[in-house]
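Spelled out from the first residue to the last, the chains are:
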Amino acid sequence: MDIGGVLENAILQFIGFNACYYAIAAIGLNVQFGYAGLLNFGQAGFMAAGAYGVGQTASIFGISLWWGVLIGIGYSVFLGLLMGVPTLRLRADYLAIVTIASAEIVRLIVRSVKFRDQFGGTDGLKDFADTFQQVGINLGLDSAGEYGFWFFQFSGRTLWNLIVGWSLVAIFGVVVWLLMKSPWGRVLKAIREDEDAVRSLGKNVFSYKMQALVLGGVIGSFAGMMLALGNANVQPDNFSRDLTFFVLTGLVLGGVAKVTGSIIGPMVFWGIYSLLDGFLRELVDKPVRIGDFRLLQSTDVGVVVFMVMGILLVLLMVYRPQGLFGNKKEMAFEGR
Amino acid sequence: MKDADDQSATEPVATPDDPHAPRVLSEYAKAAKAALAGVSPEPGVAKPDPILVADGIRRAFGGIVAVDVDHFEVQRGSITALIGPNGAGKTTFFNLMTGFDKPNTGRWSFDGASMDGVATHRMASRGMVRTFQLTKSLTKLPVIENMKLGATGQIGEKWWNGLFPGRWKKQEAEIEARADELLTRFKLDHMRDEYAGALSGGQRKLLEMARALMTDPTLVMLDEPMAGVNPALKQSLNQHVRGLRDLGMTVLFVEHDMDMVHDISDWVIVMAEGQVIAEGTPDDISSNPAVIDAYLGAHQGKTLLEDQV
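Chains as they are written, first to last, in my numbering: chain X, 1 to 336; chain H, 1 to 309.
Simulated from the structure, these hints should not be mistaken for lab results.
Here the structure is a predicted model, which is why all the values come from computation and not from measurement.
Treat the hints loosely; a few may be bogus.
[As the list claims (entries may be wrong)] Simulated restraints, written as ranges between beta carbons of each label pair:
| no. | chain 1 | residue 1 | chain 2 | residue 2 | range |
| --- | --- | --- | --- | --- | --- |
| 1 | H | Asp116 | X | Leu70 | 40 to 48 Å |
| 2 | H | Pro165 | X | Ile3 | 46 to 54 Å |
| 3 | H | His262 | X | Leu316 | 50 to 58 Å |
| 4 | X | Asn138 | H | Glu176 | 48 to 56 Å |
| 5 | X | Asp196 | H | Gly248 | 26 to 34 Å |
| 6 | H | Trp160 | X | Gly74 | 16 to 24 Å |
| 7 | X | Phe149 | H | Glu176 | 44 to 52 Å |
| 8 | H | Trp160 | X | Trp66 | 17 to 25 Å |
| 9 | H | Glu176 | X | Asp130 | 49 to 57 Å |
| 10 | H | Asp180 | X | Asn327 | 18 to 26 Å |
[To be verified] In silico DSBU-like links for lysine-lysine, alpha-carbon gap of 35 Å or less:
| no. | chain 1 | residue 1 | chain 2 | residue 2 |
| --- | --- | --- | --- | --- |
| 11 | H | Lys187 | X | Lys328 |
| 12 | H | Lys158 | X | Lys328 |
| 13 | H | Lys170 | X | Lys329 |
| 14 | X | Lys181 | H | Lys169 |
Quick reminder that beta carbons are idealized off the backbone N, C-alpha and C, glycines included.
Taking the hints into account, I'd like the entire structure generated from these sequences.
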């Protein structure tokens, strides 16, 4: 069994591209869910907004890729307002229902035959990311070349994606950290605790909730942009419910209402995922047999990985409900 | 509160240490009593200098009329108690005045300005602040953060300013100094950096009152400040409420604790079944037959045996 190889892969996934765009999405979700207490189950919708924003530029509109950043932000602001206006005055559960439905509506619209000319249908969009990759090449990263040391070896293209991606993580991490240290963040955290108390102290609760929803959504749209640029294509089915809940899992794993938690959580999520996946695949190569019964088949691996991750998450919630970086003292005061 | 800050240095406002000392009426207390001395004790009577005036306020939940108040005035600079049996509509009336609920009909004004359709979150900046019957301390925020939240007009509460600490640090320091001063006055300074969830029930009441004062109110509305507070702390809460008037604020409070009502209020308004049934000084009220009827029923003291009716 090649334990070394499995570990190396897990470490590469820990800092890999998946972890990186998940971390951006989780930073955004943390603003909504962790700080403002808004149950947004539609982060995939915001990511799709960003991804299609950049995807449409070159392949549909024929304009420069960089407009896509503005278009993506525009889409996600629109989506945030659309979700927020009817629901933010209501109880928190309604937002959860509306967001999960909105994200599905977004996905079904972009993959529909009707809007094939705008969003590319089930084929999605491609041929738009060259401008982005070209910047990396201009900076001296040969897209076919190998860069790195020890087992940290990346192609120039992957390295460029990682550099841009982790830079975005750092920027948004600092932005959210600054905001949450400010009086603005204090109002959000207070709204999470008790809206009426905040309202009686003269704050416009609806406006703050809307700001949090839109800001978190815009950050989420950058995760989608990164995904689109890194893969050089946009696939509608990348933005299914799974994506939202994996991001949420990563956030809870790291610890809500903590910037470090929202970044390291998704990294750990992908590290563990890769570790389990690699380990189980090794097991399949040397199958355990009980009589004629083969304990694990190669087709089972994908499912069993998620079963084990589910069990791990349950154990984490039982023994460390605040997540890896959460504040245990804060968790102790449940009663309002 | 601004003019009162200076005197709080010279005159100890809250001295709950010696509850049995004979009380010397403060200037503000004398002024409030003098202003209300000539007011006749009848429901809906006009006051010489009202800060809150409500007219024809009616709120029905389905077929049940919870509040139906013809006229209601609160004298500026006084401590006014709003009492009445359970279900009299006191808390609903509170919610209506503070914008947490909308009346079906009626209009009301605060400090001369009409309050119809004013959003709840604008009440605080106009000088009206309330507390809640069930304390709403924000348990997962430290006590000092709870306090700082109360300050109005904070630059850093706009997100684009929040990003740049340089823009709000100075104001934040001023707010923090004011918060610390209030915490000291309310004897919560030793809990400053604890989570509000670590406070006792009585301390949470104090924190909520102190936090409300951070908004610089002219009218403080307290919904059952004594509920769930032990007798020792009640004395000190009494002092604090009196202290608010002596800082130039007007206090309107809902309370069931008759000792407190009698002890600290300058004027008492009695509600029953949604209506104002009596008004007057505490002494007027305790001898008012309508009030006794409202609390104990009109047939109290009469025999229930049929053959003796």
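Task: Hints the structure fails to honour - done: none
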